[in-house]
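**Q** What follows is each chain in one-letter form.
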Amino acid sequence: MTIALPAQQMAERRSFKIDFTWPVLIGFIALLCVLIILPMGWLVYYSLVDQDGAFTFANFRQLVDDPVFLEPMMTTVIIAVCSSIACCVVAAPMGWLVARTDMPMTKLIRALVTASFVTPPFLGAVAWEILAAPNSGLLNKLYRVVTGAPMDEYLLDIYTLPGLIFVISCYTFPYVFVLIANALDRIPSDLEDASAILGGGAWTTARRVTIPLALPALLAGALIAFLQAMILFGSPAILALPAGFHTMTTKIWSLFQYPPKPELAAAASLPLLIITVILLRGQAMILGRKGYTVVGGKGAEPRLIKLGWWLVPAMTFVTIVLMLPVFLPYFALFNAAFSPIATTLVTPWNATMHNVWFTFFELSSTKTALKNTFMLGAMSATLGTLLALVISYLTARQAVRGHRILAFLATAPIAIPGIVLGVGLFLSYTRPPLVLYGTIWILLIAYITIELPAAYQQLQSAFKSVHPELEEASRMLGATRLRALRDITAPLLKTSVLATWCFIFVSTIRELSAAVMLFTSETKVVSVLIFDLKESGDLGAISVLGLSMLILTFAVVIGVSRIPGFGGGTRLRNT
Amino acid sequence: MARFSRRDVLKGSSALALTTVYATPIRAQAPAADSITPALIEAAKKEGKIVYYTAIDLAVAERIAKAFETKFPGITVRVERTGAERVFQRIGQEYSSRIHAVDVVNSSDAAHFIVWKRQGILAAHVPEDVAKHYAAEHKDADGMHANFRAGMSVIGYNTKLVTAAEAPKSFADLLDPKWAGKMVKAHPGYSGNVMTATFQITRDLGWEYLEKLAKQRIMQVQSSTDPPKKLALGERAVMVDGNEYNALQLKEKGDPIEIVYPTEGTPMAVGPNAVFKAAPNPNAARLFNNWCFTQECQQLIIDIGALRSLHPQAKEKVGRRLLKDIKVMKDDAVGVERTAAEIKARYAKIFGV
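Protein chains in written order, with our numbering: chain A, 1 to 575; chain B, 576 to 928.
So that you can see chain A by itself, here it is in the shape it has in the complex (with noise of 0.2 angstroms):
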């Protein structure tokens, strides 16, 4: 290996030391193309071909000429085109609210949206039914009392393609809210400064300064919220089809079912794919193109906006947006959990531990996918984190030649919807010579992939503050870069590794879309496990297993972000 270093390289290095980088690199760009390029890879293959294997784009031609796929793929459009307006609209003004005016309680608002994005969609899509299904729901119950109206009237129906996206945004404004509220909080209070000394009100500040300065993360926000509604499985599989419609996620899902159609599902997958791809790229360009950079610089705390009677108004619109995420679904959990029958209002007089008995003591499965949950998910992040560490190091620093390939290869999966991924590896790994189905491996695999783009982004933002003058101090007292990143680097990036374990931990257990395509009965995890207890209608179990994975999940961010020497007050950031 040592012999095909470049002569520059081997010049830098001090004698009987050896360098791993180059070892690192190559090992690290196989192991992502492995990771990324042999699904898709598979998924490609099968696409063009048949069922007995001879090339073909009948599977494309069905796809364009069926309207069994092509009404799936209008309402996925229509869905993610409005929920990504909404949690917009919605997102923006909190956003704003929390980091620049003087609204009290915003660190309790930061972390109640935080719940919000631990919640998975599918939780919250069950939690819904129980609070607005037209004629059980409590909330059309309470209409009725309070109205009076009769038995078959009713105020809301979640299963209709507005509640689908109503259930959609809740889950996924998180990632709108964390973008803009961090982009504001970093905007320097100068250019405001400069624009009040002009004569400009509040409002005009706000409206001429402030808000372009954080368009670009307004923008990205739109893109992540429209992606995320478009690939997610586990809402519209509770929402959509008890009302008789499919999404694409739901279809390329169905298509598994006996007799399986993988070629159609992977031609199915393939639109996802390259929309994704487009919107990515997209996205670059307008920013790219404007070059909206928020400078940082030493600036003063950002002026913050005294709302003064308008605070009245403020505090109810952002306690009406996180009941509908947090308050409302989390009552309807514990409702469902301790009453004898899930829409049934609890009472100290009717409440009953059946629930939970059954859950914990006769469900057969509960430990089994709690146990591999909490595995994948521990070692998911460490993987992940470590993977995203090193990964962000070789490209923030520049470090090798090729780090270019590397940081394209470690954003890739980011165009990668879940349940296309799951396809893809489905048909790589039930086939010689690895055949990884059946095992947990596969749904590592899965994870580490799946949030790859995420965790290196964070890291790489990370490296990009520690000045490598640290580093090269070390390197030039004769240490190699691994021993340089090890003493020097990791311990004044802990926080955000540790922010960056969480954000993987946390993901991996509310991943949905990509377990139900490679779990089977060994390797069932509770995300699985919810969707199946769904489809029996056994609310009570669900409820109880959503909050039991909820509470662990809460315990193991705390106890992690409380280990000595990580300092705490970790965020779970998005990108």
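Since the hints were made in silico from the structure, they are not lab data. All of these numbers come straight from a predicted model, not from anything done at the bench. Only true hints are included.
Straight-line C-alpha distance at most 27 angstroms; calculated DSSO-like pairs for lysine-lysine:
1. Lys367/A to Lys646/B
2. Lys692/B to Lys852/B
3. Lys261/A to Lys924/B
4. Lys707/B to Lys852/B
5. Lys620/B to Lys641/B
6. Lys367/A to Lys620/B
Among chain B residues calculated to face chain A with C-beta under 10 angstroms, some are:
7. Ala636
8. Glu637
9. Asp830
The beta-carbon is built from N, C-alpha and C at its ideal position, and this holds for glycine as well.
Since the structure of chain A is already known, use the hints to place chain B on it.
**A** Relative to the frame of chain A, chain B by itself:
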């Protein structure tokens, strides 16, 4: 007496037994009956566990498992429950990747056993009670499977939302516009019971019936265990199909549910058990399958599961309508096996999902 009546009513399922005979004219003698011996129990305990893929309602399946675990301490049962069509897909998917995880299967779609037998992946296993007591039409001539249970897909309504007088009496009644938007229905792509029912309904009433029904803005759920639960919640007033046993359980628990056996006939499905040749725990599998057909277990599925047993010595619970008094549609597993793919595709076209 009960035995004759059951036979009378269930003669439809003899079609299954008969055709299996024709399908494999040169067949081996059915293997000798296997009984629960101390040696078998000892060997099963060494394996320590059994993996049971089943389509029975989760709570009932877990109760069966618990009863077995109590009876044979040291052997744990892992229940893997999903709809019969999913069980079939799962086993197919796992076997094609050479994953042999399942020991014993129970399904509500007898057609699957025709396929598995043809593929040669089932082990011949005749539990003692099956050999001694079960009628010929309820066991495979080669001893590959036997009917663990029988179930029906019934119409039902919520008694708080619908009075007995206005309740539907037949499938035809469900087309009345007054039920539009008020009905819930399970899916044949998930549930074996509904798959069988869809076959029987389209055979007896024609596909036009389902086409008209689809215009009633049906709430489409997956499992046939779910519609009775949706009635209990009060989410919908009427169910088009759903398990009789779940409805009975809820009704007897005091939930506002009433069952209707449609005048055209009630769709009927038997649910066989089988042991797999490549079972990872072969002795525990045999012990479990053996125990499933004992009078004890069969009485259990009647008493706590409200299922229909085909064991002549098991006693129906007082207050439930006897099987012989119910007009059922003719069961035809061979027909289901032949048309399953077409039924799923056509159903998805009509109902949109």
